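Q: Make one complex out of these two single chains by using the hints.
Chain order of the listed sequences is A and B. Read in order, the letters of the first sequence are residues 1 to 492 in my numbering. Read in order, the letters of the second sequence are residues 1001 to 1640 in my numbering.
The set of hints was computed from the structure by calculation and includes no laboratory data. Please read these numbers as outputs of a predicted model, since none were measured by experiment. Treat the hints with care, since some could be wrong.
Once the Cα atoms are required to be at most 20 angstroms apart in a straight line, the calculated DMTMM-like pairs of lysine to aspartate or glutamate come out as [unchecked claim]: (1) B:K1584 / A:D439; (2) B:K1160 / A:D439; (3) A:K301 / B:D1588; (4) B:K1062 / B:E1497; (5) B:K1580 / A:E297; (6) B:K1161 / A:E360; (7) B:K1160 / B:D1112; (8) B:K1023 / A:D443; (9) B:K1160 / A:D443; (10) B:K1161 / B:E1367; (11) A:K490 / A:E202; (12) A:K68 / A:D31; (13) B:K1160 / A:D440; (14) B:K1580 / A:E360; (15) B:K1207 / B:D1219; (16) A:K442 / B:D1112; (17) B:K1160 / A:D269; (18) B:K1161 / B:D1369; (19) A:K301 / B:D1592; (20) B:K1023 / A:D446; (21) A:K490 / A:D269; (22) B:K1580 / A:D298.
Label pairs and their calculated CB-CB ranges [said to hold, decoys possible]: (23) A:M354 / B:I1014: 27 to 35 angstroms; (24) A:I155 / B:R1611: 25 to 33 angstroms; (25) A:I197 / B:F1063: 28 to 36 angstroms.
According to the in silico footprint, chain B covers these stretches of chain A (three or more CB under 8 angstroms from chain B) [stated by the list, open to error]: (26) 162 to 176; (27) 290 to 297; (28) 391 to 402.
We put the beta carbon where it would ideally sit given N, CA and C, even for glycine.
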Amino acid sequence: MNELPILSILLILPVIGILLLTFISSNSESDGNLKQTALWVSFLNFIISLVVLFNFNQVDPNFQFVEKYYWLGDTISYHVGVDGISILFVVLTTFLVPICILASYNNIKFSIKEYLIAFLALETFMIGVFISMDLILFYLFFEGGLIPMFLIIGIWGGERRIYSTFKFFLYTLAGSVFMLLAVIFMYWEVGTSSIPILLQYEFSYDAQIILWLAFFASFVVKIPMWPFHTWLPDAHVEAPTAGSVILAGVLLKLAGYGFIRFSITMFPDASHYFAPMIYALSIIAIIFTSLIALVQEDMKKLIAYSSVAHMGFVTLGIFTFTIQGIEGAIIQMISHGIVSAALFLCVGVVYDRMHTREIERYGGLVNRMPLYSFSFMIFILASLGLPGTSGFVGEFLVLLSIFSVNTYFAVFATMGVVLAATYSLWLYRKIIFGQLIKDDLKDILDLSSREIVIFAPLILLTILIGIYPIPVLEIIEPSSQLTLEIINGKMD
Amino acid sequence: MIHSIVLLPLFGFIISCLFSFFKSDQTIDRITQTVTSLFITISAILSFYLFVINLSDPQVYKFTLFTWITSGDLSVNWSLYIDAVTRVMLVVITSVSALVHIYSIGYMSHDDSKPRFMGYLSLFTFAMIMLVTADNFLQLFFGWEGVGLASYLLIGYWYKKPSANAAAIKAFIVNRIGDFGLALGIFTIYMVFGSIDYQVVFENVDKFDETNFNFIGYDINAITLICFLLFIGAMGKSAQLFLHTWLPDAMEGPTPVSALIHAATMVTAGVFLVVRCSPLFDLSVEASSFVTLVGASTAFFAATIGLVQNDIKRVIAYSTCSQLGYMFFAAGLGAYGAAMFHLFTHAFFKALLFLGAGSVIHSVHEEQDIRKMGGIYIFTPLTHAMMVIGTISLMGFPFTSGFYSKDAIIEAAYLSDAMFSNYAYFLGTLGVVMTSFYSWRLMFLTFNGNTRMEEQKFREVHESPYVMLIPLFILAIGALSFGYIFKSYFIGGASVEFWSHSIAIHYHEHHHIPFLIYYLPAMLGILGFIIAWYMYLKNTRIPAAVASLNEPLYKFLLNKWYFDELYNYIFVIPARSIGKFFWKIVDDYFIDGFGPNGIASMVLKISEKARSIQTGFIYHYAFSILIGLSFLITYFIFVI
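Here chain B stands alone, though its shape is the one from the complex (with noise of 0.2 angstroms):
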């Protein structure tokens, strides 16, 4: 059964491989869709059916399929280890991703290369498997760099864009330097503890509490240095300040893989990592601490750009990134429960919005900007009561799944007394009045008050199709209910038996939080939906006022704090002009000037002279010879 959840992916991404290098048509296209749909839902119940049969008495399975790598005494198997962590990334990476299949059908229905796109859904859905499938750190790298490759595919899916391709070029390479971190993570752990299977390595964290480790210079507590490294590689995957910028970017990729890639599952694998190796991170309170200031820099950083964006994708994007950070710093605090519940509901509401946005962006043919749009929703009511469902999830409104999630992690905040929790609360609980904000802003831009959009297309906006609408339909069901059915097994009373031990888990005694602090987010996230209406329906000059009244810092946002500017210069423009000064100052003109072509001239310079003396005239030889002489009976008379 295990092996089938894993393998079915493989063989729809191979069958629509080998199908797509017919000429398409409808047969064709019809097959693989069917296919790779069918084999992923299979998948997707039996994950499902594992999670559940494994709610109170959770086991531990262990295939090892082969061996990998061996050299010397390191030794790396293919093999698939399933405890809770895993159980849970699976049931989200196939059922999200099933419905994405089965949306997908829809939505790519005018696409000229349908075996090609399902194959590509299929090779990530594999990827990201054998990823949270992995019970050591270097297949665990296979899948992490598979899924970045599938993620990159897709993004660029539509080749004949420039600026497609430039996205998917750019997520490509920020992850690769976040992998950067993650593998030179992965040589220290082997360094360390000899090994890097999971089970070694979290068994004898202990024993190596206070080792030391020399890398570039810096003596350093092993476990640091290796959270610290990890987390770099988590912060790629995950958009995290700094390595963010590929996110809003990779919206360029068709709307099914950005629910799918960068909002339920990939972006969610950096998340997993920190979880995966909360043995490691529990013992090292820097490498915590900075987790903490990241996602809540983060959380905070990302929700003030969406507050101004324009594209419906975009917005939704930062709200990601957001959310993510939320993870991050729930993690950072020690609450691994809480951040994979968030991890868990979110993965539902948050693709939910975007299939929900990608239903909208068909219904208004292939518009994006939400300025354009406004008063579609007596066209698209359906559309419009999943969307509405998914913000009202995502804003903690009471009892939604993100309720659930996201005040378990503003609780821990409240609760904790880690470094930077205080700042952790406090950019958490404004993000949620932001998040609130920026979401229904783009709900009222889109759906409400009057339409800005042509006459004639607005006519012709119509409801989506059904294959799109029923998957919309499967993830409000999880963005309403998930939340109040699992929250016992993710964090509370039931925690204990549900993880059991594949996370570190904090035993602190119940604390009694005042009502206030408890519904403090829900209030908030109300707060923010009532100014976003004042502002969009009510009183809709405000808007351009306050953008015109603060100007630069209008500005900032949008331009989203300037960081690919930033990064042009700083990175950029200097790799290049360094490549063509190594290539035509070094190599061109030193090596080669002074090396072969040197040489070479030289050569040419002395026989040329050289052959100036053999003029072939006696005199000039009788001449030298005369000099010659008289040279050496001076140099007889004088010395000797």
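If we strip away everything but chain A, and leave its shape as in the complex, we get (with noise of 0.2 angstroms):
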């Protein structure tokens, strides 16, 4: 197995999914081709991407199926590879895009197109984060995935689209740059930029201190922290439905890989110079953002600042650093992708058919939509942290490590999840229940079949990973143990 270069399959497949296209003409005859060649490519990554994890040595905590090629003298290589930590993620992300495309097929009304590309590009990208085993190749799909997004949201978005693209786009880019500079550093310093090397050795502490800002200056942005998070709900509220599915259920999960892979890593003793600040930002995003989905008046908008809530534990227990705590963070961020992915596609559902999000003209759909109110409950319950469902889990390990470490922030992010529930029960009561008295959703629609192929996989993954998460934390354990090694064997 070890001799195909399965990793280069799954990231160029997209690229050949993308060649494709473009040989099919965008007449309206034929929107439907594309939209068959974009879903069977994106599909059949879904399927390698699974054969990776399933020849995934489990046991095994160091990096697997590794290709190099040599690509700018002998240091900079084309190099990639998965462990335990990454490859839940790149599995995360095949499994999210062909979901995205199936969830386009009609509100995506023009140049459909290049908007497919706009997709398939954007999972090139992704997965080369993931995959990457060297700062450079990270460093250019880290950034190079903006650009999809950028088109994604600035084109096919809301009214405000050009405001809340650009927001994003040079916020994100802002904080990049500094990153950039410490990439630069890093391999002025080493020699090299093979991550597998990076992260065996020892940097001083005042170099880990500047080096760790700036990477810090851009995860922060990214996954985002309170207080960078302005852009996100903007950037979910103007995105086209699939484009929030995407940007909540993956983007946001690179920057939560990257502390792991990076700022904690490389960085140790500044890590826990700075995880007191962490904690303090991370509970202040469980807090204050929860508190402020209380008070939304549009769906999206809600759900986006719960988003960043919910990677507030994330933040947290990273910088525990205890095997709960970053086992516990990957869980969340693997659940939080399903599940925020899963809630605003529910959006997206009645969007379609409603045309707006603002949440006070809905209400009462369960009498007409009992499949979709069930889906949605789905949802909801694991957003708000229900045991038995994939929320619970990650949040539990978190919630658990960062009372270890320090039992004033476990009080204050526990507190979180009665928000949580509050801001949750409160969304669904006003859109799901009451009486269905206003006029327009009269003769709305339950799901479409469409839409059930979309939601079934979903729910069946929520439900699974909160009762039998096991499978899932088999793979972490390793190299989370690995990483924590490393850190332990720096700090000492």
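A: In structure tokens form, the structure reads like this:
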């Protein structure tokens, strides 16, 4: 199996899909062909990622399926591989992209070809981020992903799309500039940009502080943490449904992954030094963005703010430097990738029918949409972290780990769980329950078979990970242990 | 056998879940009603069988199903752990649940989504069973939140009513506040014991008796801290003082739900938790005293509110709240057996009262205000008889179930010399009078006297169908006889073997209790009956006179001590305004104003300025060069 360059195939297949799409003419008759092509290409990629997953050796904490080709001299190379931390994100990406394409079947009215091309390009970039074992390569993919996302929001977005897309793009880019400087510095310091070597390298304390801050500047915007989060609600509100799905589902996780892979492992002293600040920002995110979510009038904004709160748990977990914290953070990211994606899809379902996201315009949907209400309920419950759903496992592990580090922060973070219940159930009640009195809702239709196909796997995964998360945890555990060993080794 | 007790309700839930997506018609309704009721009934029979065969020769059954979470040295299993405490709970849960399932067939006959209702009931039963069969705190937490979910769904079952939706959310949120404490308790247990398995924790409690744990800056005895935190969870679930506000509102749900969840089973989960953790509570005087204090206060406080409420279900709800207080202060005083015994008997007589109330509501066309009833016993003799049985058991009339269990609690308070035991004894005995009074007030206003209903409606009052009455008969048997039958196992001579280490038992020698003290509760109960009879049947002008005599107190009680209003001002309104503030002021004004938007407009301004310098006229540039040159020359002349 290892002879086959399977990760490269994973990376290149969407590009092949793009080439195929360019050969199909973009008139209204061939729209179906375009969608079919993109869907099957992305689905095939998902199958391939599953092949990777099943051939992945769970016991081995190191990088697997490694491929290395010299690229720029013998220090910067095309070097890819996956370990227990990254592989699940790859699968999450390949899993969500077909769902996104399926969700865009009816609501993208123009330039469908370009739209699909942007999505496939985005897929390549995102997979690239997770499988890069070279820092330069990582940076290229990390930043490259901004371009298709910029276009998706800027072209196919809502009314204020221009403002939102520029805010999103410039904000994240500004943060990343510092990371680029740090990458260059590290290259000159160590003489290579190979991540496995950098992971073992011990930077001096002062260098760590600077480098940590530079990486932090990039990740803090992207994850996003309070107070660098204001681009996210705007971007979500204006993005088309599938854009929101991929933004919440995968793009936010790039930074969480970066925190684990780079910040805490390469700069452990600096990470310990800054950990209290991270805790404080995370707690503010958890408590205050939850309170903000409570008073939102726009469905997408509410979910966007809840995303910030959920990502607060991720950063909290990562910087506890405990096995439960890191595993909890990863599983929280996976779960949030599924659940928030699903919640945005839920918003998309009613937006496609009613063309409004205003909460007040809805009410009593359960009377006509039982299947929709059922699906929505599952995701709301996962979002508020009910035991037995995927949302609980991550939150529990993170809270447990932060409790072992600092009980103050644990008390506040646990309070956030109460608030999560408040805004989630409030949203659900406003949209789903009550009498169906608004005239324009009287003929609203329940989920179509296409939408059922979209939601079914998401519901299954949400419950499966909630009740039996062991397979996921087993994949994460060895590499997380290794990460901690590296950190502790450097700290001594 | 044990697996089927647990899994049958789950299958019932899944089946009715699937059926609820079909267009509801009679066949589908019939199938789901039959299947779910049958499953739970089988489960109940098995539980009862399991209970009986282990009465004198108790065993502990333990099955591990599969691993749930492992991370580092934390490992949690899905498992079934059945000891004496669990068996008592299983009997209560499955038998009341089975009867409620059957009763609902009649009660919900006019409803248009029966599969959904039956499904929720089964889901609740499953979650509750998972709660009591856990062998670790996390599975307990799963069940704990699971029953909270089922309760949320069932309170909000009539989703078209805004009040039902509000009550459902309130119940879930208040419970979550309790769960917040419970979760912190579980974290502390893990930190102290390195495990969250019951077995590991309870076997090692002695080792950590003296351990201190630093919690938010305070060094507290670890066991005390754990008990306090766990008890916050118990207070939320069991609607104890300060976290009780959701329970009366929960009466928005259909009445069978109130009987099952908000009387017999879910609300007793808090008591179960304290009893389950009795090895921990036993070691902490502070925590136990706190439990006593809260329990006794709630027993009194809820009873005072019950005196003046006019909604038939709310009176019973406050009564439940009050009775839970009795169970708690018994547990706080170390009388865990008595607490469990009262839990057991209470489940039967309170479910009987609730289902009886449901039958009344069914008979009088969905009217719930007892001021608009009266005199209906001639039309509903069977319901009336069953309600009388429930009431005498609740008031502790000699030789009914309630008599034995309540007496055991008050005796424990009398004999105990722990902190707050006198307080508990005093409020407990006072509560007995009030309990009897409000119960008979309810009975008299509902069934006796002259009717206050409209004549048309009064003539249409009818007895409920047998599918509703038979569950009442069965519960009545329990309410009358279970106290006598099982008293020796729960609290009497056979209790040590019966519980067999599943709870902490205190072997205090048998005190001699004065005859007067022994029969005092019963006599006080009769006193309450006489007062109620005098006020509501004999001389019906008195209640209004009493109310007007002390208007502020009456208002205070009628408005439930103003807890809802208080919480609204302390929590709800500030939370929303903080949210608004952080959104509009902090996010939009400060962060965006100085951050992205601020920088963007700054760049714009600076480039505007920079543009105006570049005019394109030669003489402007020449002028700048001249000025620059003169500065340079001056610099060189004066500095060098």
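Q: Hint by hint, note whether the structure agrees.
A: Each hint tested on the structure:
no. : hint                                 : in the structure
1   : B:K1584 / A:D439                     : violated (32 angstroms)
2   : B:K1160 / A:D439                     : holds (16 angstroms)
3   : A:K301 / B:D1588                     : holds (13 angstroms)
4   : B:K1062 / B:E1497                    : holds (19 angstroms)
5   : B:K1580 / A:E297                     : holds (11 angstroms)
6   : B:K1161 / A:E360                     : holds (17 angstroms)
7   : B:K1160 / B:D1112                    : holds (13 angstroms)
8   : B:K1023 / A:D443                     : holds (17 angstroms)
9   : B:K1160 / A:D443                     : holds (18 angstroms)
10  : B:K1161 / B:E1367                    : holds (16 angstroms)
11  : A:K490 / A:E202                      : holds (7 angstroms)
12  : A:K68 / A:D31                        : violated (39 angstroms)
13  : B:K1160 / A:D440                     : holds (18 angstroms)
14  : B:K1580 / A:E360                     : holds (17 angstroms)
15  : B:K1207 / B:D1219                    : holds (18 angstroms)
16  : A:K442 / B:D1112                     : holds (19 angstroms)
17  : B:K1160 / A:D269                     : violated (57 angstroms)
18  : B:K1161 / B:D1369                    : holds (18 angstroms)
19  : A:K301 / B:D1592                     : holds (16 angstroms)
20  : B:K1023 / A:D446                     : holds (13 angstroms)
21  : A:K490 / A:D269                      : holds (8 angstroms)
22  : B:K1580 / A:D298                     : holds (14 angstroms)
23  : A:M354 / B:I1014: 27 to 35 angstroms : holds (32 angstroms)
24  : A:I155 / B:R1611: 25 to 33 angstroms : holds (30 angstroms)
25  : A:I197 / B:F1063: 28 to 36 angstroms : violated (50 angstroms)
26  : 162 to 176                           : holds (count 3)
27  : 290 to 297                           : holds (count 6)
28  : 391 to 402                           : holds (count 5)
The structure does not agree with the numbered hints 1, 12, 17, 25 stated previously, though it agrees with the rest.
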